[in-house]
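Please model the entire structure based on the sequences and the hints provided.
What follows is each chain in one-letter form.
4 protein chains.
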Amino acid sequence: MAGRDLNIGMIGYGFMGRCHSNAFRTAPNFFDLPRRPVLKAACGRDAGRTQAFADRWGYESVETDWRRLVEREDIDLVDICVPNDLHAEIAVAAAEAGKAVVTEKPLARTTAEGERMVAAVEKAGVANLVCYNYRRMPAVTLVKQVVESGRLGRIFHYRAKFLQDWTISPDVPQGGAGTWRLDVQAAGSGVTGDLLAHCLDTALWINGGIASLTAMTETFVKERTHAETGRKQAVGIDDAAAVLARFENGSLGTFESTRYARGHKALYTLEINGEHGSLAWDLHDMNRLAWFDHRVEGALRGWSSILVTDGEHPYLGKWWVPGLIIGFEHSFVHTMADFITAMETDRPAGPTFREALETTRVCDAIIASGKSGAWETL
Amino acid sequence: MAGRDLNIGMIGYGFMGRCHSNAFRTAPNFFDLPRRPVLKAACGRDAGRTQAFADRWGYESVETDWRRLVEREDIDLVDICVPNDLHAEIAVAAAEAGKAVVTEKPLARTTAEGERMVAAVEKAGVANLVCYNYRRMPAVTLVKQVVESGRLGRIFHYRAKFLQDWTISPDVPQGGAGTWRLDVQAAGSGVTGDLLAHCLDTALWINGGIASLTAMTETFVKERTHAETGRKQAVGIDDAAAVLARFENGSLGTFESTRYARGHKALYTLEINGEHGSLAWDLHDMNRLAWFDHRVEGALRGWSSILVTDGEHPYLGKWWVPGLIIGFEHSFVHTMADFITAMETDRPAGPTFREALETTRVCDAIIASGKSGAWETL
Amino acid sequence: MAGRDLNIGMIGYGFMGRCHSNAFRTAPNFFDLPRRPVLKAACGRDAGRTQAFADRWGYESVETDWRRLVEREDIDLVDICVPNDLHAEIAVAAAEAGKAVVTEKPLARTTAEGERMVAAVEKAGVANLVCYNYRRMPAVTLVKQVVESGRLGRIFHYRAKFLQDWTISPDVPQGGAGTWRLDVQAAGSGVTGDLLAHCLDTALWINGGIASLTAMTETFVKERTHAETGRKQAVGIDDAAAVLARFENGSLGTFESTRYARGHKALYTLEINGEHGSLAWDLHDMNRLAWFDHRVEGALRGWSSILVTDGEHPYLGKWWVPGLIIGFEHSFVHTMADFITAMETDRPAGPTFREALETTRVCDAIIASGKSGAWETL
Amino acid sequence: MAGRDLNIGMIGYGFMGRCHSNAFRTAPNFFDLPRRPVLKAACGRDAGRTQAFADRWGYESVETDWRRLVEREDIDLVDICVPNDLHAEIAVAAAEAGKAVVTEKPLARTTAEGERMVAAVEKAGVANLVCYNYRRMPAVTLVKQVVESGRLGRIFHYRAKFLQDWTISPDVPQGGAGTWRLDVQAAGSGVTGDLLAHCLDTALWINGGIASLTAMTETFVKERTHAETGRKQAVGIDDAAAVLARFENGSLGTFESTRYARGHKALYTLEINGEHGSLAWDLHDMNRLAWFDHRVEGALRGWSSILVTDGEHPYLGKWWVPGLIIGFEHSFVHTMADFITAMETDRPAGPTFREALETTRVCDAIIASGKSGAWETL
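Protein chains in written order, with our numbering: chain A, 794 to 1171; chain B, 794 to 1171; chain C, 794 to 1171; chain D, 794 to 1171.
Worth double-checking, as some hints may not be accurate.
Straight-line alpha carbon distances no greater than 25 Å define the calculated SDA-like cross-link-like pairs of lysine to any residue that follow [to be verified]:
no. : chain 1 : residue 1 : chain 2 : residue 2
1   : C       : Lys-1015  : A       : Gly-946
2   : C       : Lys-937   : D       : Ala-1092
3   : C       : Lys-1058  : A       : Arg-1088
4   : A       : Lys-1111  : B       : Thr-1170
5   : B       : Lys-1015  : D       : Asn-1042
6   : D       : Lys-1111  : A       : Arg-818
7   : C       : Lys-937   : D       : Arg-1088
8   : C       : Lys-1111  : D       : Arg-1039
9   : B       : Lys-833   : C       : Asp-848
10  : D       : Lys-1111  : A       : Ala-1020
11  : D       : Lys-1058  : A       : Ala-1083
12  : C       : Lys-1058  : A       : Trp-1113
13  : B       : Lys-1015  : D       : Arg-1039
14  : C       : Lys-1058  : A       : Ser-854
15  : D       : Lys-1111  : A       : Gly-807
16  : D       : Lys-1025  : B       : Arg-947
17  : D       : Lys-1164  : B       : Thr-1170
18  : B       : Lys-1015  : D       : His-1069
19  : B       : Lys-916   : B       : Arg-1140
20  : C       : Lys-1111  : B       : Gly-851
21  : D       : Lys-937   : D       : Ala-1167
22  : A       : Lys-937   : A       : Pro-1107
23  : D       : Lys-833   : A       : Trp-1113
24  : D       : Lys-833   : A       : Ser-854
25  : A       : Lys-1058  : D       : Ser-1098
26  : C       : Lys-833   : B       : Ala-1073
27  : C       : Lys-1058  : B       : Ala-1073
Anything over 12 Å on all C-beta distances counts as not near chain A; from chain B, calculated [to be verified]:
no. : residue
28  : Leu-1100
29  : Asp-1103
30  : Glu-1148
31  : Trp-1168
Bear in mind the hints are in silico, worked out from the structure with no lab data behind them. No residue lacks a Cβ here, since even glycine has one placed at the ideal position from N, Cα and C.
The structure is reproduced here in structure tokens:
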């Protein structure tokens, strides 16, 4: 099992801190990795909570200042699982300290921030990754494989949505630990950077670049109490965003994201229509892939529901037996397994910071178009 | 359009009287028939209701005694849509009068009754049909075609269910116009003859004969008020029946039917598993057929949901355009169109009385096994 | 059955001519109508085909010039089932002749044409209807009822799509009997007027007016052979259209329509998200309605799949029994039944020409925005 | 995190060895446990493979003789993940050595073996559990909670199936590491003990005891090569089994299991129908529960698809956020978390050996009835 240790320094202990920790901890039980991830240090501002997190996950030590963590010689990889407003500063410092850097998506709040980050990791020549985990849902990876094989022929349409409903109540606060995603200062944008960014990363990966777009954004609840100050403040984020796009390959894209779609918890859906076939997927039933093959003989042609659990499906050979599904967090396991494996090769696992910058660029265009009402060229 | 008239005498004006009338009336608008069905006479015991029914559907005349109808020279075809206890007597008389005879399923209450009916129509040499309409749901017809093509290879399993929930309340009466199906005298049996008979007819048609079976039957509500007398009476029918069967081709069958499955209105489902593929269908989504083709290449293999609405699908070329579904009553239109077409040929449309007798024979075996607990050989 | 005759003059014998004829012929068998529809005359340019159509459906006479039909004193209602470029002229003439006028959707090719039609029917004071049949799919009617009841609370999102795949091949011609929908001269527009118009009619009916919109339109296949001339010609229609819209009630709308979505035959889907619940429907499974009720107690809350076949569901009390579905054409039966019933009252069945003009106005804005790239205000 | 260590001795390193190891390793990251599971020793006959397994999962030591493991003083809990023919001997020895004992299901090959095991653990007074993991799929646990709440009212029907397709080819061998489940000597029975046992454990837990049953069993492939000897041998297991049962509460049960249902990988489905509602679940979509509540107002009543991912759902509060699903192996995590927690209380986590013996008793009755054709009373 595994060679040299890979010492992880984890910054943040929230939802994503747990996902990433679980991924590093679990990956070597299922995947053959060239280096053995070691949970070396957990870092958070609250000493007590950070210690509890470290105890829970088996981190060997604790830091309360990310600058100290970044400087530690025994850390090989810095993983950034804190709100978006800290991504750039930490990542740049980590790169400058020669660490491999992983950050939870999105890369940054803005293209400008992202560009600084790309420059830093490329200058330092360190391995880097933005954790757009959905690429490594096996069914999504399979979409990528089918599209790349050319089986769909010319692509006409790509559509994706990410629908949630957890902010409908005006009593949900903004800011603070659990709700920083509603605070424009911490998050950069609302659903665009949080949810649509996932849809966009997958779309760019599978269907290539977006040439131009127009968008509609809306803030349904105009004021919310700040979780820390207790003061009512104007809401600066987009509660919902919808986008019309033209891809560079001539296909049309539609994207939508909202936290006001009652009944949908985390409904990320995507569909791609080509000349000879179509593929559709949704996160709620993430182990299934819908596939329409126009070449099947007439009377028995239909949409096929593929239960993506067989040994020949991406990543599945490492898990259980056909018919037994995996869950959300496995996409993080795959991501970290791929990243660690790629660190030892000259072909990095994606999306790198540079690749992910493109998604941030598209997000910025969406926000801009939402304000101007005009088409934005990318 | 169409040649000679085919004069219909309809006995019964209930649910099935309406279905059959609609079928005769609609068939020539969509199918090219060798004879033109004419709604000549409607017959029922209640003169007023029979007249209203005749007015509604355009029957030219009315009778209140089925014996008179059967004797009328201007009637070519007698269609029996009354409770099961009258099937045998009317059918025998109609056959003796030289009429073509259609009866709503089941053929009869018992094998003995059915044998008399078969003898009568065969002696008279008249066209005859039991209206097991589900054979001509396009998706079910497609099942038959695929199985007959041999694509499934060796068959291992056949399973079917027909689940309803409308008799759960003990306040539902037995007997009378709307609830004669709960009266063992009128119906012969409960769910076995009413619902399971449909499953069995399809199974025998698609998968061949049943060699032996064992069954469990139950009457959950032991007493019900009679709708006409108002008196509490013991319930004589089976409320639920479940069957294990061995088909002559070596495959195993499981069948179940009940009117106590809360939430299921008319959930007739069937599935057949063969060496190389499987097919599954359900009545609630009757225009879809689920198809698993094991020969499809590995990673993209799955259950295909075929929307059976294309021109190349059975019967569909006569209706609308792809994607636009048809409904329950269309199966009756197909049945009557096929029957009228077959009348002019030497290959009768099935199931004939003789074919349908086999289903009644199996029903009798189920009732017998339900009482004895032993396997019955057919 | 029923009172005075209502003499129908049907213009057109194609797909829609069949649907409307079936509706008039079937409606009185299931609904109690104040007037009895009589198939008085069928009209088409090709005498032979028109006669065959008349024979098939039982029309009493035939005309080959719509002007003659419109002038006939024995015609009460003119039903226009011909390509869109003839709607205005025929409808105006029929109204001037004092006939009730039904036209298949869309009202007209342009707002200008539509305004002439509205003026004509209102001046003449004749009953008028545009046959947007999907309003009377029972599940869609149920959506309307639930929304009107206020149960959804504040509405945040409305989204609809109409996806087909039948024009992907560049070998499909334009123009002529079967493919006039691809000829901009005959149709006025492509998917916008043909498919999106359905989505828009339902949306305006259920969710109120659209205040502004921006659109993207595309023509994937630039040249097609004309079915009649055999000559290659530039394609003038929109093959695909996608729309972002703001409704007057503050909710956001997204609409998309295409004939290049491989695997989708006639996938009209709609969804509406409100504060307290959501509803979703799709045409391929038209007898089901998806309903999410946020007020249901926590652990058992989910999306409910309502099989819309019970007696208490819109229109269903007139058909069969619970669990037995109806088909596409039944929506036309409901439309004609409602229209004939409403003719005898002072509350017209919708959409009237005036109501349907709004949909045409939105279609025009979509085509305009597709060209300009700018938001259009309505 | 956590108190005293709980030293695990794992016997077996196959599919189930991996599942159980993952469960012990992961449970403390998500659940608050009174004792900390420590992977103390892994045991298998093949020293090399056992060592590799130990390295992969972090076991501190390795044994190649289970007797030595059982005797080790530093082992608190013996977990038996080897073929069924070894369960009894190991479990009895472990109990006699005073260890807590967990065994993968089924308890034993026969009731006689099982009774010895029950006697041993009860005499020794050690904590014991049979790992019927499906009880702790959150949706299944929710079924149990709803049924126990009495919301379904009187129960009429319980039906379950477990369908696979991996042994259809006669080239699949029997015996050996990967295919011992096809060897009657090692497994005790075929699908009955392997698959139906799961269905039965859940059924008995949720719906109470089975009073009597009749069964049909079949061996489709009569001879298979033994994986180790290379010799053709008669197949002694049941390839398929179907059961009719009467529960003690008066409801009817139907059960079926096969490895010859083409297209189904691990399709465990269950459904329970009560007077006021029904519940249905299937393993392929294990995070969903279908729920029909008859008390919902009429027009909006339907089958609700509950995405069981909310904090208020069983076990889910410990995992991610609403909408994000978990996978197959999580049911083992829940099982071990519950077992370890219950060890410190006087209310054991089920099923204990004694409870699981009932399932083995029913399995024996199925095999017996499959041979005799008669009803068996339990």
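Structure-based check of all given hints:
1. Lys-1015(C) <-> Gly-946(A): At roughly 18 Å apart (the allowed maximum being 25 Å), Gly-946(A) and Lys-1015(C) satisfy the hint.
2. Lys-937(C) <-> Ala-1092(D): 13 Å, holds
3. Lys-1058(C) <-> Arg-1088(A): 16 Å, holds
4. Lys-1111(A) <-> Thr-1170(B): Distance of about 49 Å is beyond 25 Å: violated.
5. Lys-1015(B) <-> Asn-1042(D): 16 Å, holds
6. Lys-1111(D) <-> Arg-818(A): Within the cut-off at roughly 17 Å; holds.
7. Lys-937(C) <-> Arg-1088(D): 23 Å, holds
8. Lys-1111(C) <-> Arg-1039(D): 40 Å, violated
9. Lys-833(B) <-> Asp-848(C): Holds - the C-alpha atoms of Asp-848(C) and Lys-833(B) are around 20 Å apart, at most 25 Å.
10. Lys-1111(D) <-> Ala-1020(A): 23 Å, holds
11. Lys-1058(D) <-> Ala-1083(A): Answer holds: Lys-1058(D) to Ala-1083(A) is near 17 Å, not above 25 Å.
12. Lys-1058(C) <-> Trp-1113(A): 37 Å, violated
13. Lys-1015(B) <-> Arg-1039(D): 17 Å, holds
14. Lys-1058(C) <-> Ser-854(A): 59 Å, violated
15. Lys-1111(D) <-> Gly-807(A): Holds - the C-alpha atoms of Gly-807(A) and Lys-1111(D) are around 13 Å apart, at most 25 Å.
16. Lys-1025(D) <-> Arg-947(B): 22 Å, holds
17. Lys-1164(D) <-> Thr-1170(B): 16 Å, holds
18. Lys-1015(B) <-> His-1069(D): Distance of about 19 Å is within 25 Å: holds.
19. Lys-916(B) <-> Arg-1140(B): 17 Å, holds
20. Lys-1111(C) <-> Gly-851(B): Holds: Lys-1111(C) and Gly-851(B) sit about 17 Å apart, inside 25 Å.
21. Lys-937(D) <-> Ala-1167(D): 31 Å, violated
22. Lys-937(A) <-> Pro-1107(A): Holds, because 11 Å separates the two Cα atoms, which is no more than 25 Å.
23. Lys-833(D) <-> Trp-1113(A): 24 Å, holds
24. Lys-833(D) <-> Ser-854(A): Satisfied, since the Cα-Cα distance of roughly 24 Å is no more than 25 Å.
25. Lys-1058(A) <-> Ser-1098(D): 13 Å, holds
26. Lys-833(C) <-> Ala-1073(B): 45 Å, violated
27. Lys-1058(C) <-> Ala-1073(B): Given that 25 Å is the threshold and the Cα spacing comes to 21 Å, the pair holds.
28. Leu-1100: 7 Å, violated
29. Asp-1103: The assertion about Asp-1103(B) is violated, with a minimum of 7 Å to chain A.
30. Glu-1148: 25 Å, holds
31. Trp-1168: The claim stands: Trp-1168(B) keeps its Cβ more than 12 Å from every Cβ of chain A (closest is about 33 Å).
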